[in-house]
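All chains should be built: construct the whole structure from the sequences, respecting the hints.
Protein chains in written order, with this note's numbering: chain A, 1 to 67; chain D, 1 to 260.
In short, the hints are calculated from the structure, not lab data.
Since this is a predicted model, take the numbers as computed values, not measurements.
In this text, a Cβ means the ideal position worked out from N, Cα and C, and glycines have one as well.
It is possible that part of the hints are untrue.
Covered stretches of chain A (in silico footprint by chain D; criterion: 3 or more residues with CB under 8 angstroms from a CB of chain D, positions within the stretch not fixed) [as the list claims (entries may be wrong)]: (1) 1-7; (2) 11-21; (3) 26-33; (4) 55-61.
Residue-level listing of the chains:
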Amino acid sequence: MQLTINGKPRNFDAQQFSVAHLVQLLELTGKRLAIELNGEIVPRSQFEHMVLKDNDKLEIVGAVGGG
Amino acid sequence: MSDLLKIADKTYRSRLLVGTGKYQDFAETRAAIDASGAEIITVAIRRTNIGQTAGEPSLLDFLSPEEFTYLPNTAGCYSADDAVRTLRLARELLDGHKLVKLEVLGDPNTLYPNMIETISAAKTLVKDGFDVMVYCSDDPIIAKQLEEVGCCAVMPLASLIGSGMGILNPWNLQIIIENAKIPVLVDAGVGTASDAAIAMELGCQGVLMNTAIAAAKNPVLMAGAMKKAVEAGRDAYLAGRMPKKLYSASPSSPTTGLIT
Numbered sequence: 001m002q003l004t005i006n007g008k009p010r011n012f013d014a015q016q017f018s019v020a021h022l023v024q025l026l027e028l029t030g031k032r033l034a035i036e037l038n039g040e041i042v043p044r045s046q047f048e049h050m051v052l053k054d055n056d057k058l059e060i061v062g063a064v065g066g067g
Numbered sequence: 001m002s003d004l005l006k007i008a009d010k011t012y013r014s015r016l017l018v019g020t021g022k023y024q025d026f027a028e029t030r031a032a033i034d035a036s037g038a039e040i041i042t043v044a045i046r047r048t049n050i051g052q053t054a055g056e057p058s059l060l061d062f063l064s065p066e067e068f069t070y071l072p073n074t075a076g077c078y079s080a081d082d083a084v085r086t087l088r089l090a091r092e093l094l095d096g097h098k099l100v101k102l103e104v105l106g107d108p109n110t111l112y113p114n115m116i117e118t119i120s121a122a123k124t125l126v127k128d129g130f131d132v133m134v135y136c137s138d139d140p141i142i143a144k145q146l147e148e149v150g151c152c153a154v155m156p157l158a159s160l161i162g163s164g165m166g167i168l169n170p171w172n173l174q175i176i177i178e179n180a181k182i183p184v185l186v187d188a189g190v191g192t193a194s195d196a197a198i199a200m201e202l203g204c205q206g207v208l209m210n211t212a213i214a215a216a217k218n219p220v221l222m223a224g225a226m227k228k229a230v231e232a233g234r235d236a237y238l239a240g241r242m243p244k245k246l247y248s249a250s251p252s253s254p255t256t257g258l259i260t
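Quick look at the structure:
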């Protein structure tokens with residue numbers, strides 16, 4: 001399936017998997033981040049349950065230096 | 001000593017709030033923030049780099065959210081919707097953290113704030129349960145309106161973001177401070193220690209800065225200077241300055257006992 005992550009399309013072999021699995025695939029496990037799926041925030045407690053589907057759009061954000 | 005800064009029911013010893021951007025590396029960021037004594041630090045919310053960053057250190061490794069009060073900002077947002085969206089993500093990122101810095105910009109060259117969008121975002125965020133510290137122009141009417149919509153602190157600019165021009169309109173700041181029932185902090189435009197001291201002498205509850213420290217030739221030394229300036233300015237404000245007069249016929253030394 002294809003997902004758009006932070007504005008860029010990415011292809012995955014599997015047909016469906018959870019947000020938690022995506023975090024693992026992207027090597028972001030343990031990082032402090034927040035995720036928006038199709039414009040809605042996915043609470044961290046929902047990462048295991050929320051299943052992604054083809055053409056989903058995700059924003060994955062973190063805290064960086066700023067004023 | 002119980003002169004504490006109170007924002008949204010939490011108290012802080014330091015009245016200097018600092019940004020975490022524009023430093024050479026995280027080690028320098030950390031050293032400067034330690035020297036500043038700041039307890040509240042601003043951070044930006046940005047897309048995570050995907051792919052090439054596994055194992056790379058992050059800001060949070062150097063400045064833990066347990067040790068400092070994070071103040072996520074909306075830098076780079078040009079609409080109320082973008083600002084609200086950014087801060088909702090920040091709240092999720094920081095486990096329900098409510099204290100935020102709202103800024104909605106109006107122009108990429110000057111970074112002057114768009115106060116119409118800012119007020120609109122402030123209303124939404126307050127309704128949504130956020131404690132909103134709001135960056136604003138130095139317009140006393142706008143500052144009052146932001147207080148009325150429920151912001152927990154107003155943060156008028158001294159001068160434009162990153163300009164280092166210092167306090168351009170102390171008279172407006174004074175009106176804002178006199179009218180406010182919530183803390184007023186100067187945010188943006190401070191260039192050097194005396195600017196921060198003047199802001200505090202005017203009666204500001206605190207000063208927020210980033211570039212003045214990060215863009216100094218020696219950021220760590222400047223961070224320490226800012227800490228002292230904010231403390232000195234605060235003490236001078238509390239002490240109550242002598243009135244200014246053009247001249248005085250009252251010298252400090254005795255007028256009697258002079259040798260003749």
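Structure-based check of each hint:
no. : hint  : in the structure
1   : 1-7   : holds (count 3)
2   : 11-21 : violated (count 0)
3   : 26-33 : holds (count 6)
4   : 55-61 : holds (count 3)
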